[in-house]
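Could you build all of it, start to finish, from the sequences and the hints given here?
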Amino acid sequence: MSPHDIYLLSPEISLAAVAFMVVIADMVNGPKRLVTGTAVIGLAIPLLFTVLLWGEVSDWWSLLDPQIGEQVGYSLPALYGTLAVDRFALFFKFLFIGSVGLVLLSSYGYVERFAERRSEFHVLIMLSAVGMMLMAAGTELITLYVALELATLPLVALAAFGGDRRSSEAGLKYLVLGAIASAVLLYGMTLTFAFTGSTNLESMALVIGQAAAGTTGDFGGPLLAVGIVLLVAGFGFKIAAVPFHGWVPDVYEGSPLPATAFLSVASKAAGFAVIIRVFFTAFESLEIDWSLLFAVIAAVSMTIGNLVAIAQTNVKRMLAYSTIAHAGYMLVGLAAVASRTVDGVSIGSETLLFYLGGYAVTNLAAFFAIMAIMERTRSELIESFAGMSQRAPWLALALSVALLSLTGIPPTVGFMAKLFVFGAAIKADLAWLVAIGAVNSVISAYFYLRVIRVMYLAEATDDAKAPRVLSLDVSVAVTAVAVIVLGVWPQGLLEIANRAVERIF
Amino acid sequence: MLTATVFLPLAGAIAIMVLLGNNPRGVKWFAAAIGIAEFVLSIIVFVKYDSAVGGFQLAERFDWIPLMDIQYHLAIDGLSAPLILLTGLLGLAAIYSSWSVATRHKEYFAWLLVLQTAVMGVFAAQDFILFFIFWELELIPMFFLISIWGSGRKEYSAMKFLLFTFTGSAFMLVGLLTVFFSVNTFDMTQLVEMDLNNLILPSQLVFAFFFIGFAIKLPIWPVHTWLPDAHTDAPTAVSVMLAGVLLKMGGYGLIRINVSMFPDVAVDAAVPMAILAVISIIYGAMITFRQSDLKRLVANSSVSHMGFVLLGISSIGATAGNLSPIGLTGAAMQMFTHGTITGLLFVMVGVVYDKAHTRHVPDLGGLATRMPIAAVAFIVAGLASLGLPGTSGFAAEIMIFLGTFPAYGAITALATVGVLLAAGYVLWMVQRTLFGPQRERWEYLTDVSAVEAVAPVLLMAAILIVGVYPAIVSDVFRSGINDLFPRLME
Numbered sequence: 001m002s003p004h005d006i007y008l009l010s011p012e013i014s015l016a017a018v019a020f021m022v023v024i025a026d027m028v029n030g031p032k033r034l035v036t037g038t039a040v041i042g043l044a045i046p047l048l049f050t051v052l053l054w055g056e057v058s059d060w061w062s063l064l065d066p067q068i069g070e071q072v073g074y075s076l077p078a079l080y081g082t083l084a085v086d087r088f089a090l091f092f093k094f095l096f097i098g099s100v101g102l103v104l105l106s107s108y109g110y111v112e113r114f115a116e117r118r119s120e121f122h123v124l125i126m127l128s129a130v131g132m133m134l135m136a137a138g139t140e141l142i143t144l145y146v147a148l149e150l151a152t153l154p155l156v157a158l159a160a161f162g163g164d165r166r167s168s169e170a171g172l173k174y175l176v177l178g179a180i181a182s183a184v185l186l187y188g189m190t191l192t193f194a195f196t197g198s199t200n201l202e203s204m205a206l207v208i209g210q211a212a213a214g215t216t217g218d219f220g221g222p223l224l225a226v227g228i229v230l231l232v233a234g235f236g237f238k239i240a241a242v243p244f245h246g247w248v249p250d251v252y253e254g255s256p257l258p259a260t261a262f263l264s265v266a267s268k269a270a271g272f273a274v275i276i277r278v279f280f281t282a283f284e285s286l287e288i289d290w291s292l293l294f295a296v297i298a299a300v301s302m303t304i305g306n307l308v309a310i311a312q313t314n315v316k317r318m319l320a321y322s323t324i325a326h327a328g329y330m331l332v333g334l335a336a337v338a339s340r341t342v343d344g345v346s347i348g349s350e351t352l353l354f355y356l357g358g359y360a361v362t363n364l365a366a367f368f369a370i371m372a373i374m375e376r377t378r379s380e381l382i383e384s385f386a387g388m389s390q391r392a393p394w395l396a397l398a399l400s401v402a403l404l405s406l407t408g409i410p411p412t413v414g415f416m417a418k419l420f421v422f423g424a425a426i427k428a429d430l431a432w433l434v435a436i437g438a439v440n441s442v443i444s445a446y447f448y449l450r451v452i453r454v455m456y457l458a459e460a461t462d463d464a465k466a467p468r469v470l471s472l473d474v475s476v477a478v479t480a481v482a483v484i485v486l487g488v489w490p491q492g493l494l495e496i497a498n499r500a501v502e503r504i505f
Numbered sequence: 001m002l003t004a005t006v007f008l009p010l011a012g013a014i015a016i017m018v019l020l021g022n023n024p025r026g027v028k029w030f031a032a033a034i035g036i037a038e039f040v041l042s043i044i045v046f047v048k049y050d051s052a053v054g055g056f057q058l059a060e061r062f063d064w065i066p067l068m069d070i071q072y073h074l075a076i077d078g079l080s081a082p083l084i085l086l087t088g089l090l091g092l093a094a095i096y097s098s099w100s101v102a103t104r105h106k107e108y109f110a111w112l113l114v115l116q117t118a119v120m121g122v123f124a125a126q127d128f129i130l131f132f133i134f135w136e137l138e139l140i141p142m143f144f145l146i147s148i149w150g151s152g153r154k155e156y157s158a159m160k161f162l163l164f165t166f167t168g169s170a171f172m173l174v175g176l177l178t179v180f181f182s183v184n185t186f187d188m189t190q191l192v193e194m195d196l197n198n199l200i201l202p203s204q205l206v207f208a209f210f211f212i213g214f215a216i217k218l219p220i221w222p223v224h225t226w227l228p229d230a231h232t233d234a235p236t237a238v239s240v241m242l243a244g245v246l247l248k249m250g251g252y253g254l255i256r257i258n259v260s261m262f263p264d265v266a267v268d269a270a271v272p273m274a275i276l277a278v279i280s281i282i283y284g285a286m287i288t289f290r291q292s293d294l295k296r297l298v299a300n301s302s303v304s305h306m307g308f309v310l311l312g313i314s315s316i317g318a319t320a321g322n323l324s325p326i327g328l329t330g331a332a333m334q335m336f337t338h339g340t341i342t343g344l345l346f347v348m349v350g351v352v353y354d355k356a357h358t359r360h361v362p363d364l365g366g367l368a369t370r371m372p373i374a375a376v377a378f379i380v381a382g383l384a385s386l387g388l389p390g391t392s393g394f395a396a397e398i399m400i401f402l403g404t405f406p407a408y409g410a411i412t413a414l415a416t417v418g419v420l421l422a423a424g425y426v427l428w429m430v431q432r433t434l435f436g437p438q439r440e441r442w443e444y445l446t447d448v449s450a451v452e453a454v455a456p457v458l459l460m461a462a463i464l465i466v467g468v469y470p471a472i473v474s475d476v477f478r479s480g481i482n483d484l485f486p487r488l489m490e
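Chains A and B, in that order, are what the protein sequence lines are.
Just so you know, the first sequence maps onto residues 1 to 505 in my numbering.
Just so you know, the second sequence maps onto residues 1 to 490 in my numbering.
Just so you know, these hints were derived from the structure itself, not from any lab.
Glycine residues also receive a C-beta, built at the ideal position from the N, C-alpha and C atoms.
Check before you lean on any hint, since a few could be wrong.
[Stated by the list, open to error] Distance ranges between label pairs, derived from CB positions: (1) A/Asp462 to B/Arg25: 27 to 37 Å; (2) B/Ala102 to A/Leu307: 50 to 60 Å; (3) A/Tyr446 to B/Glu60: 51 to 61 Å.
[Unchecked claim] Restricting the straight-line Cα-Cα distance to at most 30 Å, the calculated cross-link-like pairs of lysine-lysine (DSSO-like) are: (4) A/Lys465 to B/Lys106; (5) A/Lys316 to B/Lys28; (6) B/Lys28 to B/Lys355.
[To be verified] Part of the chain B face toward chain A, derived, beta carbon under 8 Å: (7) Gly26; (8) Leu163; (9) Asp187; (10) Ile200.
What follows is the structure, given as structure tokens:
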């Protein structure tokens with residue numbers, strides 16, 4: 001590992017270092033603020049490095065040996081080409097760092113429930129984020145697999161962190177099903193390796209490109225076809241798409257809320273990062289085939305997720321099915337790959353990145369608001385939110401904004417995200433998929449608005465107060481305001497997403 | 001100018017939520033002040049629009065989301081200018097007819113004002129996405145207004161309204177994205193001049209997507225079932241807004257998008273549209289006869305009256321020699337006049353309900369002696385609703401018949417039955433509520449107060465002025481229709 005590599009991997013390395021600082025902060029027995037404070041403020045370091053690297057690959061400055069920069073353009077290879085530092089990976093690094101920061105900030109009060117394991121909670125989230133960052137950067141199958149395990153294992157521990165029966169069940173379920181998914185994934189990787197003789201995505205692309213030249217509809221032969229389908233299954237588990245969604249409701253319900261929030265946002269984004277990277281690089285020449293595969297999964301995910309969500313009475317389970325449905329909407333963006341224009345700017349993946357960012361903000365807002373509301377209700381049942389507009393008007397408003405965004409009603413970012421993704425799909429001649437997606441939005445309106453209805457219409461059943469936790473209030477406010485701001489002015493995020501995908505694919 | 005007109009109510013809503021205290025009087029008067037200012041603005045916009053010049057005027061635009069080619073683009077033409085005026089008028093009437101709202105004033109008036117912004121935006125937006133955003137924005141305030149301040153099965157009705165409209169807009173979204181990715185612009189002022197016959201989907205299908213969205217809103221049989229429920233359970237002011245301007249969004253969309261952008265398909269679809277229109281007219285009128293609830297009665301009559309709008313639009317199917325812009329102008333006129341007439345009817349039903357606490361027609365009777373001023377307004381609205389000459393209702397319906405008769409004589413003749421039926425149910429309603437034997441139980445009723453009289457007086461004035469001199473509005477509509485008409489002649 002050269003100094004050069006250390007610089008290119010500085011976000012990951014510094015994030016891991018901050019995690020160890022948190023452990024040390026816990027050992028000195030200082031005030032409890034110290035742990036959260038170290039973690040949240042410490043995140044500034046990986047954030048700074050990510051900004052530095054973004055500037056590096058955008059040619060704003062060059063702290064590297066200039067020659068290297070010129071040779072490889074906008075994607076800098078690190079660690080013998082197993083990882084890539086490009087704007088695509090950096091986009092996700094921003095997303096992960098932001099999610100970690102907000103989740104940790106919001107859970108300041110929540111971690112009282114397991115106070116003696118306060119620092120472990122922080123460390124696990126941060127280490128998982130390190131794994132996710134490597135997932136976004138990986139350009140080689142073995143690296144991707146290791147990164148994926150690094151991201152998943154801390155999440156298993158986090159799921160079981162609540163300590164009660166439900167939480168343990170969640171942890172176990174995630175572990176076992178995750179292991180199966182990993183096995184499937186590994187088998188898929190083996191098969192594609194057998195076909196291509198390489199684990200490097202670029203080299204794989206060369207072999208597949210030659211083998212698949214002129215053929216469509218057969219994934220370049222049975223061996224590769226099985227491999228790709230197994231890869232889809234393995235990654236489908238990460239992004240919670242049907243039919244690989246069996247773990248989602250139970251794990252969401254059993255895990256502590258901040259862990260669920262992190263899982264629903266970061267883990268899903270990491271899964272999509274890998275999918276985009278692998279399929280757009282290695283299997284690019286087969287895009288017509290896998291585009292259809294993803295389109296079908298998208299349709300099924302949206303429909304099943306939304307239909308089952310209607311029946312839920314537990315708000316966490318409802319959001320679990322909602323996240324399945326949203327995996328479907330995102331896959332619409334992925335399936336719209338055929339909408340690529342000649343100059344290499346892919347409108348499909350750019351809208352998908354926008355969707356991921358918008359979904360992260362929206363879902364975090366929803367989870368934070370629910371976290372704050374549940375401090376008052378001590379219940380996860382939707383009906384317990386009754387009269388929240390009177391008990392806690394700002395929280396009710398924030399949750400309503402988040403839910404409207406999940407439904408896709410303007411002026412929220414959720415609307416813009418759906419608009420862009422559906423637009424890309426229309427352009428890719430997937431009007432049938434957009435029609436299914438649009439109908440699904442209507443179905444989803446029913447259960448999202450039911451929560452709003454309970455909060456604004458039903459009479460409050462009790463009036464338990466909760467102590468104000470400033471950090472949680474700030475997290476709710478920041479995310480809810482961001483939902484509106486990005487909904488009114490999406491250009492900024494869209495521009496960044498656009499930069500993130502250009503010149504890679 | 002247009003930006004101010006569109007966003008003033010929204011600013012007012014935010015001010016109510018953030019700045020004002022919980023004093024109901026203060027909130028009401030503040031909302032009324034915003035309503036008056038907005039009405040004045042809408043008059044100014046209407047007057048500033050020069051119908052002699054035509055085309056799109058008062059445009060305001062800047063690049064909003066350049067990467068997707070989405071613009072912030074407001075402008076009005078002859079079609080939207082009167083509807084802006086109508087929205088300003090009814091917005092004010094709605095605020096004044098909300099004086100008796102008893103709970104959660106701040107939220108109520110805030111939502112009412114947000115609603116007004118949404119509707120204004122729909123009529124002023126000339127970018128497809130902006131149009132769609134305003135279109136969707138109207139859902140949230142309506143959902144809250146019906147489900148919190150409504151009566152009866154209010155939550156059911158609110159959800160039904162929302163799901164119906166949202167379904168329609170889902171279709172619209174597919175349609176407008178298809179248009180965009182075929183011709184690469186969201187600019188509605190350009191789209192009306194383009195040839196949209198070769199899209200990535202068949203243009204008939206895209207036409208159908210838009211038609212479904214707007215037909216649900218208008219509403220047209222068989223997708224009208226949300227309307228009686230929403231109207232009946234909504235608070236008075238919301239019924240006024242719903243009947244007065246929200247339904248017009250459907251008619252406006254049909255003319256602005258279906259007819260203007262897809263003239264060829266629209267001409268082909270004229271006969272089915274005329275048939276749907278006649279079914280709506282007659283079915284709506286017959287259902288109205290069966291109602292004993294005043295509000296449900298007025299609500300169902302809207303289905304019938306909105307059928308006339310579609311009938312007027314279908315006049316574009318006339319053969320070349322007989323084609324004239326009068327049918328479309330009549331359809332637009334019908335939207336305007338129905339807004340004022342049904343708005344007034346709902347205001348008066350609200351007044352009666354506030355005082356008598358019942359809307360059950362058989363229970364009422366002899367109210368005219370107890371509340372003469374209210375009775376006058378009620379009767380004016382009723383007569384205008386059945387299309388008596390001298391009221392605005394007559395002017396609109398005669399224009400529609402003049403436009404459609406050359407195209408389809410039989411269908412038009414059938415539609416006139418709707419007018420007859422309207423005379424029946426309106427007179428029957430007026431007779432049974434206002435006249436007949438006086439009842440002791442209504443001894444205590446008092447006439448309208450000064451505040452309550454504001455909305456009826458405004459709307460009566462509009463009905464009579466337009467009735468006596470329809471050209472005030474119809475000339476403006478005419479200029480808008482004339483702009484799009486050459487394309488129909490081809």
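Original post:
Does the interface hint hold: is B/Gly26 within less than 8 Å of chain A, judged Cβ to Cβ?
Top reply: violated, 19 Å
Original post:
A/Asp462 and B/Arg25, beta-carbon distance inside 27 to 37 Å?
Top reply: holds, 32 Å
Original post:
Given the hint that A/Lys316 pairs with B/Lys28, does the C-alpha gap stay at or below 30 Å?
Top reply: violated, 40 Å
Subject >> Range hint 51 to 61 Å (beta carbons of A/Tyr446 and B/Glu60) holds or violated >> reply: violated, 37 Å
**OP:** Take the C-beta atom of B/Ala102 and the C-beta atom of A/Leu307, compute their distance, and say whether it sits inside 50 to 60 Å.
**Re:** This hint is violated: roughly 39 Å between Cβ atoms.
Subject >> Hint status (Cβ of B/Leu163 to nearest Cβ of chain A, threshold 8 Å) >> reply: Nearest chain A Cβ about 6 Å off; hint holds.
Original post:
Should the hint that B/Ile200 touches chain A count as held when the rule is a Cβ pair under 8 Å?
Top reply: holds, 7 Å
Subject >> Holds or violated: A/Lys465 to B/Lys106, with C-alpha atoms at most 30 Å apart >> reply: holds, 24 Å
**OP:** Mind checking the CB of B/Asp187 against every CB in chain A and telling me if the closest is under 8 Å?
**Re:** Where the cut-off is 8 Å and the nearest Cβ of chain A is about 16 Å from B/Asp187, the hint is violated.
Subject >> Given pair status - B/Lys355, B/Lys28, alpha carbons within 30 Å >> reply: holds, 20 Å
The structure fails to meet hints 2, 3, 5, 7, 9 from the earlier list, while all remaining hints are met.
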